[in-house]
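Listed here are the chains, written in short residue letters.
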Amino acid sequence: MKAWLLLGIIVASTVMADLLQSTEMKRHGEIRDFHPRGLGRLVANLARKKYLILAVVFMAASFFAFMTLLEVADLSFAVPASAATLVFETILARLVLKERVDSRRWVGACLVACGVALLAK
Amino acid sequence: MRPDSRLHWKTRVFAIIVVLSNALGNFSLAWGMRHRETNSLMDYFAAIFSPWVMLGISLLILWLLSRMALLSWADLSYVLPVTSLGYVASAIIGRFFLSEQITPQRWAGTLLIVAGTVLVGRGSPHAKGEL
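Chains as they are written, first to last, in our numbering: chain P, 1 to 121; chain Z, 1001 to 1131.
Check each hint, because a few of them may be wrong.
Claimed, not checked - Think about it this way: if two alpha-carbon atoms lie no more than 27 angstroms apart in a straight line, the pair counts; the simulated BS3-like pairs of lysine-lysine are:
1) Lys49/P to Lys1010/Z
2) Lys98/P to Lys49/P
3) Lys50/P to Lys98/P
4) Lys49/P to Lys26/P
5) Lys98/P to Lys26/P
6) Lys50/P to Lys26/P
7) Lys1010/Z to Lys98/P
8) Lys1010/Z to Lys26/P
Don't read these hints as lab results, they were simulated from the structure.
Kindly generate the complete structure, drawing on both the sequences and the hints.
Dropping the structure here:
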């Protein structure tokens, strides 16, 4: 029961972290300046974005939930969780981020999800 | 160079950085934490400032920043399958450096991930066509 609860926390927080990051970075627009000074300014600028701060909080929650999950469950249970995340996120990328997810991306996401599930011992 | 060709190359370079920094970062962390006892707060600090763990943390910061950069122009539904190649890189690192076994089932998983990555990677990183 505890393992399923942790799994739920991992999936939900990973999905939230990625949706927030993607939204904020799209709002920023394509990064073109890769000179050290430009990058320094960029990081300082991004560190003030609320969505990105929230995304890092969700990533930390996901990380600690994953470490706790490894104490109560095997890696073979924990790893396929990330495969479930991939499918959820593709669905939400279509519904929330309004991305144009064509058949190539759906098939690709499903192939990768099945592959990750098989990688677990 | 045509704009979409430039974007394709930039996307590939960043996808490689994301994949390698994630796999090598996790490996460095795992290597640094091996056989280490962390019973007290001081043990944790000692672990964090050990060279392998520092390298692992630096690589994972690079992973986070390069992935954010990639998301500034590429769709999430593109980035996710393409950067899943990190699972394959981790399996290969585990095979060569940690002497983990790769069973036929795991090889099949690796092939499926590579197939999914290649399939999505051949498409456009940004399907709305605004860039």
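Original post:
Going through the earlier hints one by one, which of them does the structure break, listed in rising order?
Top reply: As far as the earlier hints go, not one is violated by this structure.
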